[in-house]
Amino acid sequence: MLPESFSVFVLAFESCFTAPSYRRFVTILTGWLLCTGKHTVTEVMRAAGVVGEREHSGYHRFFSRGAWEPDAVGLVVMRMVLKLLPKTARVKLTVDDTLGRHTGKHISSAGMHRDPLLSCAGRPAWHFGHNWVVLAVVVEFPKWKKTFSLPVLMRLYRTQKVNKKLGRPHRKLTELASELLQLVSREFPSRTFLVIADNAYVNSSVVRPRPENVHILGRGRMDAALYAEAPKQRGVGRPRVKGRKLKSPKDRLGAWTTLHVLIYGRPAKVQVRVFDAVWYKVSYNKKMRFVVVRGWPGHVKQDVLTTTDLSLTATEIIELYCERWSLEETFGWVKSKLGFEDPENRTEHAVQRTAPVAMWSYSLVVLWYADWAKRRKIFPMRLAPWNRTKARPSFSDMLAVLRRQSWTLWISDQAGGDRVDQKKLEPLLDAVGYA
Numbered sequence: 011m012l013p014e015s016f017s018v019f020v021l022a023f024e025s026c027f028t029a030p031s032y033r034r035f036v037t038i039l040t041g042w043l044l045c046t047g048k049h050t051v052t053e054v055m056r057a058a059g060v061v062g063e064r065e066h067s068g069y070h071r072f073f074s075r076g077a078w079e080p081d082a083v084g085l086v087v088m089r090m091v092l093k094l095l096p097k098t099a100r101v102k103l104t105v106d107d108t109l110g111r112h113t114g115k116h117i118s119s120a121g122m123h124r125d126p127l128l129s130c131a132g133r134p135a136w137h138f139g140h141n142w143v144v145l146a147v148v149v150e151f152p153k154w155k156k157t158f159s160l161p162v163l164m165r166l167y168r169t170q171k172v173n174k175k176l177g178r179p180h181r182k183l184t185e186l187a188s189e190l191l192q193l194v195s196r197e198f199p200s201r202t203f204l205v206i207a208d209n210a211y212v213n214s215s216v217v218r219p220r221p222e223n224v225h226i227l228g229r230g231r232m233d234a235a236l237y238a239e240a241p242k243q244r245g246v247g248r249p250r251v252k253g254r255k256l257k258s259p260k261d262r263l264g265a266w267t268t269l270h271v272l273i274y275g276r277p278a279k280v281q282v283r284v285f286d287a288v289w290y291k292v293s294y295n296k297k298m299r300f301v302v303v304r305g306w307p308g309h310v311k312q313d314v315l316t317t318t319d320l321s322l323t324a325t326e327i328i329e330l331y332c333e334r335w336s337l338e339e340t341f342g343w344v345k346s347k348l349g350f351e352d353p354e355n356r357t358e359h360a361v362q363r364t365a366p367v368a369m370w371s372y373s374l375v376v377l378w379y380a381d382w383a384k385r386r387k388i389f390p391m392r393l394a395p396w397n398r399t400k401a402r403p404s405f406s407d408m409l410a411v412l413r414r415q416s417w418t419l420w421i422s423d424q425a426g427g428d429r430v431d432q433k434k435l436e437p438l439l440d441a442v443g444y445a
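Number 445 marks the last residue of the sequence shown (the numbering used here); no jumps.
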């Protein structure tokens, strides 16, 4: 049912599966993209049009007992994304965690996690479900004046209570993120990476063990304990790893520099102070660059950004950090359009494999649409009286184009040259009626 132009992308995953598993993967991916209702395995089968033709238990076993690894699939997706970028260009990555809400006491590896959408500074909110650490590649499309974070690799975070029940050692969110960075560095040793993250991932678990071809950029702390570089060793004894104590970002004095920058795509005027220092608790004995920002739109207090890349200017650091928001947009789309939170798996392997399919589907749709739109000047978009200034397609428009082409292809094949009757349109009518 998928158009031939999309099938080219699907063929790249053949090496990740056995022959039977690959056929099921193609069916599941087709149904996942065409499903307009809840993305459970059975509803995905309905959307793919295989109900009654193939045994449903095989598709459940594909997730719970299939002989394939999510990391292998994620690396294939990453190779696809990297083809869009120049070979000599530095690859920008975003990393963050997102909560997949669930209900039901039999869901495997689920626990209570902080809900970022309902929490505020003084009152945290908690919700039952799965918390995923997601690593995505940032891709800019100048034709649309839009930046996307395309998910490639994921790790499931488990609470201490869940790990104790499963007999697993507890691992923090930042340790899982560091593991993903180590994997990417090993698989692509010739590429250099810049990881853009929030302040939760700018700490010793991520910064200290980072590979040589990976740099970190994110928010720091205004009360960070900073030091000068260690002086040269004189005489015998253990060498020093840090120098004299320096003032923290909030206590820094000196003149402010005015900059005109783009913050989330909009021009803004901010004031900055830039300095280099050793953040011993985070970077050990390596210097980091700090940018204290005053006048950030919507922020009353001052902010501080920091990076391990000392070649970046203050303007570049501010504008690069803003690209982190594209990953938040990704989380919104995969939850609202691709059923990231819908599966309710009761086995460990199924949990590890089902939710990532929603993330990979997002990346594949954007990749396909970028290739499909190369030869087009006008992009099909849904316009409305309250939004007539819409100038670029959203992910919803991209997914709609793929679904239209898929259903058009299916109807044409079913018609054959005869009149299309209601019986042949039954799968499409079922999808519309139960959406």
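There could be a bad hint or two in this list.
[Unchecked claim] Here are the computed distance ranges between Cβ atoms for each label pair:
(1) M232 x L128: 22 to 30 Å
(2) A238 x Q192: 26 to 34 Å
(3) G177 x T418: 50 to 58 Å
Derived by calculation from the structure, the hints in this document are not laboratory data.
Yeah, the Cβ is synthetic: ideal placement off N, Cα and C, and Gly gets one too.
Okay, the hints, checked on the actual structure:
The given range of 22 to 30 Å is respected by M232 and L128, whose C-beta atoms sit roughly 26 Å from each other. Hint check: A238 to Q192, Cβ distance near 30 Å, so the stated range 26 to 34 Å holds. Take G177 and T418: their Cβ atoms lie about 51 Å apart, and the range 50 to 58 Å holds.
Comparing the model with each earlier hint shows no violations; every hint is respected.
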